Amino acid sequence: MNSALELRDVSKHYPGFSLEGVSFTLPQGCILGLVGENGAGKSTLIRLIMGASRREGGSIRVLGREVDSEGFCDLKQEVGVVLDETHFPEGLTARQMERVLRGTYSNWQPGVYFDFLSRFELPPDKPFRDFSRGMRMKLGIAAALSHEARLLLLDEPTGGLDPMVRDEILEVFSEFTRDESRSVLISSHIVSDLEKLCDYIAFLHKGRLLFFEEKDALRESCGLVVCGRAQGEALPGGAVLGCETGPYGMRCLVRRALVPRDVEVEPVGLEELILLLVKGEKER
Amino acid sequence: MQTKALLLKDWLVLSRQMKVFLVLIAVFSAVPVLSVSSFAIVYSAMLPYTAMAFDERDKWDRLAAMMPYRESDLVLSKYLLGYAGLAGVLAVAACSRLLLHRTEELAMLAVLAAVALLVLAFSAPLLFRWGVERGRMLFVFLMVAVATGSSSLATGLVGFDGGDAAGGSLVWLAFVGLALLVQPLSVALSVRGRRKKQG
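Protein chains in written order, with my numbering: chain G, 1 to 284; chain Z, 1 to 199.
Among the hints, a few may not be true.
[What the hints assert, rightly or not] For lysine to aspartate or glutamate, the following DMTMM-like pairs were computed, each having C-alpha atoms within a straight-line distance of at most 20 angstroms:
(1) Z:Lys19 <-> G:Asp162
(2) Z:Lys4 <-> G:Asp68
(3) G:Lys215 <-> G:Glu37
(4) Z:Lys19 <-> G:Glu90
(5) Z:Lys197 <-> G:Asp68
(6) Z:Lys197 <-> Z:Glu104
(7) G:Lys215 <-> G:Asp125
(8) Z:Lys59 <-> G:Glu90
(9) G:Lys196 <-> G:Glu148
(10) Z:Lys196 <-> G:Glu70
[What the hints assert, rightly or not] Where chain G lies over chain Z, by a calculated footprint (3+ residues, C-beta under 8 angstroms):
(11) 25-38
(12) 43-50
(13) 172-185
It is worth saying that the hints were derived from the structure and are not from the lab.
Note that the structure is predicted; figures quoted are calculated from it, not measured.
Backbone N, C-alpha and C fix where the C-beta goes; we use that ideal spot for every residue, glycine too.
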């Protein structure tokens, strides 16, 4: 299977922050959810993927092409990007922005763009500055989906949006990947959104990739043990990925395969899995 | 094609956000007073900075870095905006002199345009490297220096003939030539500066 994204040992250093050894491969036709707290390096990673920032180590291939290669700028024609605040010029209207984008993307499809404007009920002649956050995100998504992109990179597209708008937007992303040549990388704080949408989950913590796994495999391989303190402490060290100790006992994230058979292991949701992993990481 | 799209974006932004100011520049350039024209000429070459300031405010530069624009497109479009603004203002200023039969001022206008081009050439790489906000002090300094010095420089250069008109023409032509010659170097430095700023 061809890969949409291939990262090997990618690193980047800023004063006070380092992205270290990030490696993963996203197969074409799949949706990857990138999870991580503020400052974990999600936006930095997206900038590196698009060559907007220079990495200091490793390699990145996007849709089979090296980021540093000669024709990478042309390949960007096939990548749709939506940043957390969209960042279109404040004074321009959606109609004016269409003229700019038409001159930018060789595969620009005005019909698709204006259909999205109607679908999202976006006024074509209202300045962008008067758009709400939800409207801004929808306009960014409309633009990203109107030039036959094969890969979508979405940086916090659902942050700060009400559940109705979030649902509407997630449905659009889901429709996008019905064509198996299309892939999505979406970063978000809202784990429940990613749980609904994604095939793969990557968790970035303080610039390090703690895991990159298929969502279903992750759910199958990990579980939750709710027990007393003594029982929790008796669990094999290698099995426990993270623990939370409360007044009434412990909640431990475990690798199912390494837990003794007599211990009851419950299914774990993605949100709790990540919270416990972070706690485990802090204890380490 | 991308450069054209970026120019269109800048034109749409400026014409929407600075309509009154652009009209004023057009009016000033038509006024047949050298100091007034010098303001219009120098300011027209500063249009790229105004466009860059809007880009930074809207964070458009962050999005543009992700879009299929080359660094050279992003830089060149700003220079072209300055050149287009300067050409427009010069055309209006020259027409007003021709209509009033004050052709002796045309050489001064050419020198003023050269000053504007030099200001653009020297300041643009710094602004592309450090951004408009941090480059603002330099911008103010250059504006003051240019506003106070450009018309007298123009008079001095055009009037410098020492009794030899051909020699005088050579001096200001050389000055205009220098302003044109440094442009490619300035563009190259700006591309490099922008790359560094992107990190």
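With the threshold set at 20 angstroms, check whether the alpha-carbon distance from Lys19 of chain Z to Asp162 of chain G stays at or below it.
Between Lys19 of chain Z and Asp162 of chain G the Cα gap is close to 37 angstroms, so the pair fails against 20 angstroms, i.e. violated.
Measure nothing beyond the straight line between the CA atoms of Lys196 of chain G and Glu148 of chain G; if it is 20 angstroms or shorter, mark the hint as holding. violated (24 angstroms)
Using C-beta distances, would you say chain G covers the segment 25-38 of chain Z, given that this needs three or more residues below 8 angstroms? violated (count 0)
* Verdict on chain G covering the segment 43-50 of chain Z, where coverage means 3 or more residues with a C-beta closer than 8 angstroms -> The restraint on the segment 43-50 of chain Z is violated, since only 0 of its residues have a Cβ under 8 angstroms from chain G and three are required.
Satisfaction of hint between Asp68 of chain G and Lys197 of chain Z, Cα-Cα up to 20 angstroms | holds (18 angstroms)
* Asked: Between Lys197 of chain Z and Glu104 of chain Z, does the CA-CA distance stay at or below 20 angstroms?
  -> Roughly 44 angstroms separates the two Cα atoms, so the pair is violated.
Holds or violated: are the alpha carbons of Lys59 of chain Z and Glu90 of chain G at most 20 angstroms from each other?
Holds, at about 10 angstroms.
Check: Taking only the CA atoms, is the gap from Lys19 of chain Z to Glu90 of chain G under or equal to 20 angstroms?
Finding: Measuring from Cα to Cα gives roughly 15 angstroms; hence the hint holds.
key: Pairwise hint evaluation, Asp125 of chain G against Lys215 of chain G, where the allowed Cα distance is 20 angstroms at most   = Answer violated: Lys215 of chain G to Asp125 of chain G is near 42 angstroms, above 20 angstroms.
| message | With the threshold set at 20 angstroms, check whether the alpha-carbon distance from Lys215 of chain G to Glu37 of chain G stays at or below it. | response | holds (19 angstroms)
Notebook entry, point to check: Is it true that the CA of Lys196 of chain Z sits at most 20 angstroms from the CA of Glu70 of chain G?
Noted result: OK: Lys196 of chain Z and Glu70 of chain G at ~19 angstroms, within 20 angstroms.
Are 3 or more residues of the segment 172-185 of chain Z near chain G, judged by a Cβ distance of less than 8 angstroms? Answer violated; 0 residues pass the 8 angstroms Cβ test.
The structure shown violates the earlier hints numbered 1, 2, 6, 7, 9, 11, 12 and 13.
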